[in-house]
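Sequences listed follow chains G and C, in order.
Taking our numbering, I'd label the letters of the first sequence as residues 25 to 445.
Taking our numbering, I'd label the letters of the second sequence as residues 1431 to 1594.
For the record, the hints were derived by calculation from the structure and aren't laboratory data.
Possibly wrong hints are sitting among the right ones.
Said to hold, decoys possible - DEER-style ranges, computed between Cβ atoms:
no.: 1; chain 1: G; residue 1: P299; chain 2: C; residue 2: D1471; range: 15 to 23 Å
no.: 2; chain 1: C; residue 1: G1579; chain 2: G; residue 2: R268; range: 32 to 40 Å
no.: 3; chain 1: C; residue 1: A1540; chain 2: G; residue 2: N188; range: 55 to 63 Å
no.: 4; chain 1: C; residue 1: P1535; chain 2: G; residue 2: R68; range: 43 to 51 Å
no.: 5; chain 1: C; residue 1: A1460; chain 2: G; residue 2: T307; range: 41 to 49 Å
no.: 6; chain 1: C; residue 1: S1473; chain 2: G; residue 2: A260; range: 40 to 48 Å
no.: 7; chain 1: C; residue 1: I1432; chain 2: G; residue 2: E442; range: 42 to 50 Å
no.: 8; chain 1: C; residue 1: I1432; chain 2: G; residue 2: A260; range: 30 to 38 Å
no.: 9; chain 1: C; residue 1: D1550; chain 2: G; residue 2: H111; range: 45 to 53 Å
no.: 10; chain 1: G; residue 1: R68; chain 2: C; residue 2: P1480; range: 55 to 63 Å
no.: 11; chain 1: G; residue 1: E120; chain 2: C; residue 2: A1542; range: 49 to 57 Å
In this text, a Cβ means the ideal position worked out from N, Cα and C, and glycines have one as well.
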Amino acid sequence: MGMTMTQKILAAHSGQDRVEPGQLIMADLDLVLGNDITTPVAIREFEKINTKTVFDKRRVAIVPDHFTPNKDIKSAEQCRLIRNFAHHHEIENYFEIGRMGIEHALIPEKGLAVPGDVIIGADSHTCTYGALGAFSTGVGSTDMAAGMASGQCWFKVPEAIRFNLNGKLQPWVSGKDVILHIIGQIGVDGALYKSMEFGGAGLAALTMDDRFTMANMAIEAGAKNGIFEVDDKTLAYVKEHSTREYKVYKADEDAGYVRVVNINLSDIRPTVAFPHLPDNTRTIDEVGEITIDQVVIGSCTNGRIQDLRAAARVLKGKKVHSKVRTIIFPATQKIYLQAMREGLLEIFVEAGAAVSTPTCGPCLGGHMGVLGKGERAVATTNRNFVGRMGHPESEVYLASPAVAAASAVTGRISSPEEVVK
Amino acid sequence: MIQGKVIKYGDNIDTDVIIPARYLNTSDPAELAKHCMEDLDKSFAARVQPGDIIAAGRNFGCGSSREHAPIALKASGISLVIAETFARIFYRNAINIGLPILECPEASRAVADGDQVRVDLNTGRIENLTSGSIYQAEAFPDFMQDIIGSGGLIDYVRGRMGQR
Chain G
25 MGMTMTQKIL AAHSGQDRVE PGQLIMADLD LVLGNDITTP VAIREFEKIN
75 TKTVFDKRRV AIVPDHFTPN KDIKSAEQCR LIRNFAHHHE IENYFEIGRM
125 GIEHALIPEK GLAVPGDVII GADSHTCTYG ALGAFSTGVG STDMAAGMAS
175 GQCWFKVPEA IRFNLNGKLQ PWVSGKDVIL HIIGQIGVDG ALYKSMEFGG
225 AGLAALTMDD RFTMANMAIE AGAKNGIFEV DDKTLAYVKE HSTREYKVYK
275 ADEDAGYVRV VNINLSDIRP TVAFPHLPDN TRTIDEVGEI TIDQVVIGSC
325 TNGRIQDLRA AARVLKGKKV HSKVRTIIFP ATQKIYLQAM REGLLEIFVE
375 AGAAVSTPTC GPCLGGHMGV LGKGERAVAT TNRNFVGRMG HPESEVYLAS
425 PAVAAASAVT GRISSPEEVV K
Chain C
1431 MIQGKVIKYG DNIDTDVIIP ARYLNTSDPA ELAKHCMEDL DKSFAARVQP
1481 GDIIAAGRNF GCGSSREHAP IALKASGISL VIAETFARIF YRNAINIGLP
1531 ILECPEASRA VADGDQVRVD LNTGRIENLT SGSIYQAEAF PDFMQDIIGS
1581 GGLIDYVRGR MGQR
């Protein structure tokens, strides 16, 4: 039997011709990543290992993006710790405020993830880089510490679910709707311990930003990684952003999958995940009357330029509803600048939305948009767990940037079709 | 051998309720323990006793990769988590930091809140002293037992790097 993309990448990085699902391997790492929440714990563990420095100062990346710009003194101390560590070990890919971005938008943009890589990050959404045909997965701080010291990580080779995409997205439907639809179909543990491999004729119709959003939320189905077939769009993206060598792996025709799911992109409607799990999905036609207090557009899931353009198309010439606060977060400085040059930020401010510097803050109830008791938000983020964005009695509805922007205008969860005639 | 009182929860207990992100501006275990489970179960911090065992359903520890979640449980005095299944990052983190975990759907479903349970981690044998029932969890693969036996991942890696 042949191998999946993930099997091939893991075999190549563990010095083997082939690996089987369930096999435990030690793999060489191309990149080890951490943020301001997870890196302090990793540093504490790293310092227990008898090693002078990191395995490769070019292949460690540290991004202070969660509670930054520093939200309080304790957060400032955590950032100070990781900054000092980065300087002491001459970590080349440490990204300071003003030059940074939300890690999972920043790493591909900086060309630090390319097809065929094996990447671990002490952040669950590290699975995002699977959009580039890399094996990329979230781990904890201790794994990050061991990875920084040794350049290796242990893995159990995952079984895989194959998603064959066909058709073409309808207007106002994006990668966010596709992945919410899929999670709604298979459940929050539908891909537990497994690889989600995306391919098929429909792939060509998905932009790179659609693919980043979809790979990003593979973890919300419990997956170890999400991975996309590499095509011309992937290679064009890599050539534009990276000078690193890459290797394209393709699944064998006879690769073994535990499940094959066919997705007709043409059938997917704008989709919303209701509280308190990402698999609690309904199409926009089924949501009913849900009034809202806040809209958040941004995050590692949906803070890229395509997302901001979609929001601007809806908000142009409109006003945010009088009872709604709308906060928009471009995911990186580069995206911020691009949005400024395209006039998107002007559209947002004129509509009555706040525009913020890049941060993960509101997505995890950290700062810059925390919800009070009983408040409801439509967010383009990735999780709607109890208390995720603030008070344990607040509610988060996950949606695309277009749906979030439309909801900002009407004050209730709405389709962009209703707002843009 | 571990023995303790069961605290029972349902499916999809995510790391945001195990330790809400608003407390992640510290990684001090004792500080994290004060807020463990508070968004799901306000009584947890007050009623948890050293040695207590959590029994839960499917996908325990889903969501964020925060190692603060198993650290908070361990610092609260939790000696073991038994679940039908674990989310994979939580599973790694628990092994890496030395919080014992066992996957055993039968035991997870059958034990009740307040039951006294005794567990042999070497064999995976779970005995409900309250009901008298006995369950068998699957043993860890040798590789993971090596990590656990080394005292966690850091000691394991230190040993391996010393051999190079």
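These are the hints, each one checked on the structure:
1. P299/G to D1471/C: 15 to 23 Å: Because 18 Å falls inside the window, the suggested range holds.
2. G1579/C to R268/G: 32 to 40 Å: holds, 38 Å
3. A1540/C to N188/G: 55 to 63 Å: This hint is violated: roughly 40 Å between Cβ atoms.
4. P1535/C to R68/G: 43 to 51 Å: violated, 35 Å
5. A1460/C to T307/G: 41 to 49 Å: holds, 47 Å
6. S1473/C to A260/G: 40 to 48 Å: violated, 56 Å
7. I1432/C to E442/G: 42 to 50 Å: At 57 Å between Cβs, range violated.
8. I1432/C to A260/G: 30 to 38 Å: violated, 55 Å
9. D1550/C to H111/G: 45 to 53 Å: holds, 48 Å
10. R68/G to P1480/C: 55 to 63 Å: violated, 23 Å
11. E120/G to A1542/C: 49 to 57 Å: This hint holds: roughly 52 Å between Cβ atoms.
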